[in-house]
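Number of protein chains: 2
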Amino acid sequence: MSSMLVVGSVALDTVHNARGTHDVVGGSATFAAFAGSFFTDVQLVGIVGRDFPDDVIRTMRERGIDTSGLEVADGKTFHWEGRYTDDLTARETIVTDLNVFEHFDPKIPPKFAETPFVMLGNIAPELQLAVLDQVKGPRLVVADTMNFWIEGKPDEVAKLLKRVDVLVINEEEARQLSGRHHLVHVAGELLDLGPSTVIIKQGEYGAWLFAGDHVFSAPAFLLEAQDPTGAGDSFAGGFLGYIAKQGNTEPDTLRRAVIYGSTLASFCVEGIGLERLLSVSDEEIAARVEKFRRLVEFAAS
Amino acid sequence: MSSMLVVGSVALDTVHNARGTHDVVGGSATFAAFAGSFFTDVQLVGIVGRDFPDDVIRTMRERGIDTSGLEVADGKTFHWEGRYTDDLTARETIVTDLNVFEHFDPKIPPKFAETPFVMLGNIAPELQLAVLDQVKGPRLVVADTMNFWIEGKPDEVAKLLKRVDVLVINEEEARQLSGRHHLVHVAGELLDLGPSTVIIKQGEYGAWLFAGDHVFSAPAFLLEAQDPTGAGDSFAGGFLGYIAKQGNTEPDTLRRAVIYGSTLASFCVEGIGLERLLSVSDEEIAARVEKFRRLVEFAAS
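Quick mapping for you: the protein sequence lines, in order, are chains P and C. For what it's worth, my numbering labels the leading residue of the first sequence as 37, then goes sequentially. For what it's worth, my numbering labels the leading residue of the second sequence as 37, then goes sequentially.
Next up, chain P with everything else stripped away, as it sits in the complex:
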């Protein structure tokens, strides 16, 4: 078992949905770290303000998340506020207060520098590059979804992609980045940009993994979602956590990692904020992976 490093945002979110208004802890690194913590030791690098609740940091530590790279700065924690439509298919951002996150300059503690598995959450690509400059010969670098950087900083994104092994990206962003429509073309273009593996997430339609000629299709898991916030981050954290636990990047490991990532994402959306991720058990995870298997299984004729 190897450990994994997660760099990204740690936030205080206000989520409005059909059930009301919820003030919760959020952030890409938070969800990814908790999802990964089911599989391996996690090293978290991020920044919060003085208002960030101590008990969450305690919970992180109890779950094997090393928070010595979590900087506590003067000021307020990054705050995101958004409203979901009643069917949860769309969301509108109401407030994005960067606060201390505006001056985030990720510093990788020396004891984290040789961590073999690295996850770069959705932060500015020059910060992601700065992280890569501080780590020594990682075995696998995963970059998660990059929405507005694709348009805003195309050159930095291009530079980053040459140094990334696995790109995890939404279908819409993947089309935007590749300029193509059909998935097989989209994947081909993205693989040409640098990553050896591309995972295209299709939300309620599942996910695809492309690695050279190797293609894997993971189904969606049908459930009654409560709050989609953090689903993508939980996917990426579960995906990399599973790989770190196995300690290899064989094609069959990558396939299973996509299923474990999908499983963590499916639990994440069952509760508001981190709620469900903090209550789910290893047994529930194993049972859901088995459900995923049964969902797609068909015997030889």
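Calculated from the structure, these hints are not laboratory results. Some clues are possibly wrong.
No copy is singled out in the list; a pair is fine if it fits within one copy or between any two copies.
Unchecked claim - Calculated lysine to any residue pairs in the SDA-like style (CA-CA distance at most 25 Å, straight line):
#, residue 1, residue 2
1, K327, G248
2, K327, L227
3, K327, V220
4, K198, D169
5, K327, H221
6, K198, P287
7, K327, H217
8, K327, S232
9, K327, H218
10, K327, E286
11, K172, P146
12, K198, G248
13, K147, E162
14, K327, H250
15, K327, D288
16, K327, T285
17, K327, G239
18, K327, Y241
19, K327, P287
20, K189, H217
21, K143, K189
22, K143, G85
23, K327, E240
Following the hints, position chain C against chain P.
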């Protein structure tokens, strides 16, 4: 091996796409019959005009399609003309000339009346009901996609659904018919309308099968499509043909039937009109089913 009955449209299509204009044989029953013919004897009931090419009828017979229920009437064959967008994601109907199809009154030849497996293509629901009044104790009745009848003839559709075992329907129509958004709710509502099995097709995202608590997810097959016309009909024909060949409707048979249907649909779209369906071999079908299996397979951790 049991035989299957297919009732629906037989047409002469004009398809415009990025590659040009193509005058081809089409129709829901045509695609379904050819797709089913890879698995079992097919009995075709439909109507064409004097202009319908003899060599196509000869080809049907050579493939084990009994055309004694294909009425040749004075007048012209049903004609559909449409234009696809270059990325094939949308199409516009330019011409729909019903011609002899306008007075189609399906008559099931007595020798077909006891056929155990029945496919009702997309024709007016009262005609589908008339077919069911003429067949004796079918084991499985499949109704395929019903787009504009849902709005135009809701009472007849409701009446039909009570007599249908398997409803094959597009995601968009399924949402329209159920009035729900999330697939798990959509499927529940549709099952309440009568069918014991509902298949929801998601086009480039695959298909779902729901039968009571039994759920199966079939992946999409990524390919370079030439012409999507007939894909849905090929799916339904391949699905029912496979079931008829097996002669049972066990859950595992239904799962495999969805994969065989998806396989036939995937070949259909690789050529213009019937082109590819007429050239594909049993070996190619078996190889693609194996590709479908490999696409979703993941080993126990």
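Right, here's what the structure says about each hint:
no.	hint	verdict
1	K327 to G248	between (28 Å within a copy, 16 Å between copies)
2	K327 to L227	between (31 Å within a copy, 21 Å between copies)
3	K327 to V220	between (27 Å within a copy, 15 Å between copies)
4	K198 to D169	within (13 Å within a copy, 65 Å between copies)
5	K327 to H221	between (31 Å within a copy, 19 Å between copies)
6	K198 to P287	within (21 Å within a copy, 47 Å between copies)
7	K327 to H217	between (31 Å within a copy, 23 Å between copies)
8	K327 to S232	between (29 Å within a copy, 22 Å between copies)
9	K327 to H218	between (29 Å within a copy, 19 Å between copies)
10	K327 to E286	both (23 Å within a copy, 19 Å between copies)
11	K172 to P146	within (10 Å within a copy, 78 Å between copies)
12	K198 to G248	within (16 Å within a copy, 48 Å between copies)
13	K147 to E162	within (22 Å within a copy, 74 Å between copies)
14	K327 to H250	both (23 Å within a copy, 11 Å between copies)
15	K327 to D288	both (18 Å within a copy, 16 Å between copies)
16	K327 to T285	both (24 Å within a copy, 22 Å between copies)
17	K327 to G239	both (18 Å within a copy, 24 Å between copies)
18	K327 to Y241	both (16 Å within a copy, 20 Å between copies)
19	K327 to P287	both (21 Å within a copy, 16 Å between copies)
20	K189 to H217	within (22 Å within a copy, 36 Å between copies)
21	K143 to K189	within (22 Å within a copy, 65 Å between copies)
22	K143 to G85	within (16 Å within a copy, 77 Å between copies)
23	K327 to E240	both (16 Å within a copy, 23 Å between copies)
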